[in-house]
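K.L.:
Take a look at the letters that make up each chain.
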Amino acid sequence: MSRLTRILLALVAASLPLHPGYAQEISGADMKSLDGQVQEIKSDVLSIASELSDLEERLLYPSNTQMAVFVSIPEKEAFRLDAVKLEIDGQLATHHIYSFKELEALQKGGVQRIYTGNVPTGDHQLDVTVIGKLKNGDDFSESGSFSFAKGVEPKTLGITLAGPGLGKKGILVGDW
Amino acid sequence: MKRAPFRTIGLLLFTSLVTSPGHGDELKDLYFGEALYYAHQGYFFEALERLDTEVRQHENIDEPELDSLFFHIDDAEFSLGDFELRYRMHHRAGRAITAVLEGAVDDVVRNDAAYRLAKIHFQKGQLSDAIDALDRIEGRVPDGIRDDIEFLRANVYLAEERPVDASAVLKRLQGSKDFGAFASYNLGIAHLQDGERDKALAQLDRAGQIVTDDATELAIRDKSNIVLGTILLEDGDFERAIPYLNRVRLDGPFSNQALLSAGWASMSIENYERAVVPWSILAEREVTDGAAQEAMLALPYAYGKLDIHGRAAVYYGKALDSFGAEVDKLDRSIESIRDGKFLEALVREEIRKDKDWVIRLRSLPEAPETYYLMQLLATHDFQSGLQNYLDLSDLRRKLLTWHGNFDSFEDMIGIRRDHYEPLLPEIDTRFRKLDSRLRLRIEQHKMLVKRRDDLLTRPRPEFLATRDEQAVLARIESLEKQIQAADTRDRDRLMQRVERLKGVLSFTLDTEYHDRLTAFDQNLRELDAVMAVSQKQYEQYVRSRQAATHSYEGYDDSLRRLRAEVGDSIRTVDMLMARQGRLLEILAIDELTARRSRLENYRDKARFALADSYDRATQAQARSEQP
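Keeping their order, the protein sequence lines are chains A and B. Going from the first sequence to my numbering is simple: count from 1 and add 16. Going from the second sequence to my numbering is simple: count from 1 and add 928.
Hints are computed from structural coordinates only; laboratory data are not their basis. Just to be clear, a hint being listed does not mean it is correct.
[Said to hold, decoys possible] Reference listing, derived: stretches of chain A covered by chain B, where coverage requires no fewer than 3 residues with Cβ under 8 Å from a Cβ of chain B:
no.: 1; segment: 60-67
no.: 2; segment: 130-144
no.: 3; segment: 161-174
It should be emphasised that the depicted structure is a prediction, and the values quoted were computed from it without experimental measurement. We treat Cβ as the ideally placed atom computed from N, Cα and C, and that holds for glycine.
Take these sequences, add in the hints, and give me the full structure.
P.N.:
Structure below.
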């Protein structure tokens, strides 16, 4: 092998990813053990989160007044959802503006819990307003009013946004 | 030994292709859908928290078939493993997926799980376990991962140094839409591993000519060409190497390396003019790049060979200044890392939202020069450590928020207690009175209902007598007794009169019986409705009363325990962050130190070469001035 080739190989090798000399200080076992401990704490914190959610729910939304509203989009709906506004008995419950990631998550089959709150037992009215953009770029805004009865058990309503252009029919509300 | 780098390169082309749970059958469980909503956004902690709770609740109910998750339980358990895998909880993910594998599930689900399990083993370097998991795949395979499975299998074979088996799989994948380019390149690597040099060159040549406009495939094409060129350079086949190196795009990720090698290839065949071309381009590029730095030294070297010592001296001078400035920059960067600025910058949210966040780090004040860390940042060890550090940082943020919430919860509970406790004793006293009255009425109502039901089967007209009629009847019965007890001659006559009176009353009661029973039933039904309202109000009151107590009682122990657990977790996270951060700092400092040491070496060479070039330029000038 010529001297030049040796220089060349040394230089080529030098420009490949470096393997720094941390091997003496950081062993693979250290990394593995640390990784195992990180996984362990993740598991612990997840279990705390789960207990905390349960506690929060009991404390903030007792079952006899609890009400939750979920939003979903059927498969293959290509419109762009910009915002959803909910009013319960004429009072603003929530107004959610969607990020691109959130919209994508809905389009892939995710279901969003848009509202959790408290309502007394009895009959109520839910007003839903949806705004967004059609495939051709035109804006749309549609609304619908729906009645529901709240019993002593937690109430769960699902809103399915079946697509613009259908008026109230495009917003389906049902019990889950 | 010489081939080791290529084996590594081959494995680097293993792509991350964890599939995502998407639309399946109609969704029946909202909470599963909610978990998917978070997972699709990359919030795997939230997704796991919800789905884990939902699956646990499902497992604890007596009649799971009545639960909405029943329809999705296989998917849910599978997703649990998937989310754990994505949240880098390999220990738990492995267990969850193994559980699915061992359960009685559909082929498609089981095979998907086997693939993911194999992937976990592969990532952890457990190659024989990965093969075992892949061997469990049989029957129907999900279409979306058919090629993924085979590509993984080929990569495991390559990692196990079984190039013949890898080649057989990779050949089948040549036409794959998603993996064709990867497989083409890796097949070349497999031939290299098998010592089939000619086959390897031919295959890499093919991989280096694929027609595509996909950015990843273009990068693989470049990589094939650069590997091919480098093999030929190693073999001293310089002239042949050049066209392959020239195929590498000038704006691709391997451009600098290609320009550098192309220059050396030309130098090796003593074509100095041609070597100057790629090195001139490279020497003007980003100064922190290793290849560009080397070109800054190589370019004047080539000018020296061309006897243009004046220009060589100028370029050596430029390189010297540049290396000096870079060494200073590296010193500052090392110092900045030691001061903890690197870790501070890593966890800044606004930086991480940018897809080029690693590069943007360098724009932060006092942050280290991250261009020097690009190669390090791309390594698996650093990436794992960095992800762990970022995950710990997110956990810490969550834990601190929860810790702050405990005070609010306790305040809320205190306010509720202060509100209810003075009110409840009086309310309870009033309720007890009402309760006993209501119970009495309930008993009376029950008795009336029973009477009505008895009357329907056994008519008793006297039971439906009015108050007056009852009084008259009582009077008649009393008279009857008196007459029977009296010793009088008129007894028979009087008894006849009494019987007549009784007959009149009985006639009324008998003839009006059905009307009266109907009225009684109607009244009772009205009473039923009133009683139902009372009962509802009663139950509502009981629930409200319970809710009042439950709104402030029974939380103290849970809150105290959770507060302690959160506090412990914060301490653990702090300790782990410190250890993980320290490891990252050491890796980064080692990397920068290595780069610094190389730059110092270059600087020394440049310094000597500069002096040498001046001497030669002076000598040449002297020679030219000699008569």
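K.L.:
Could you run down the list of hints and mark each one as holding or not?
P.N.:
Now the hints, each set against the structure:
1. 60-67: Since three or more residues must qualify, the claim that chain B covers the segment 60-67 of chain A holds, with 7 doing so at under 8 Å.
2. 130-144: violated (count 1)
3. 161-174: That given contact holds, which follows from 3 residues of the segment 161-174 of chain A lying within Cβ reach (below 8 Å) of chain B.
Hint compliance for this structure: hint 2 alone is broken.
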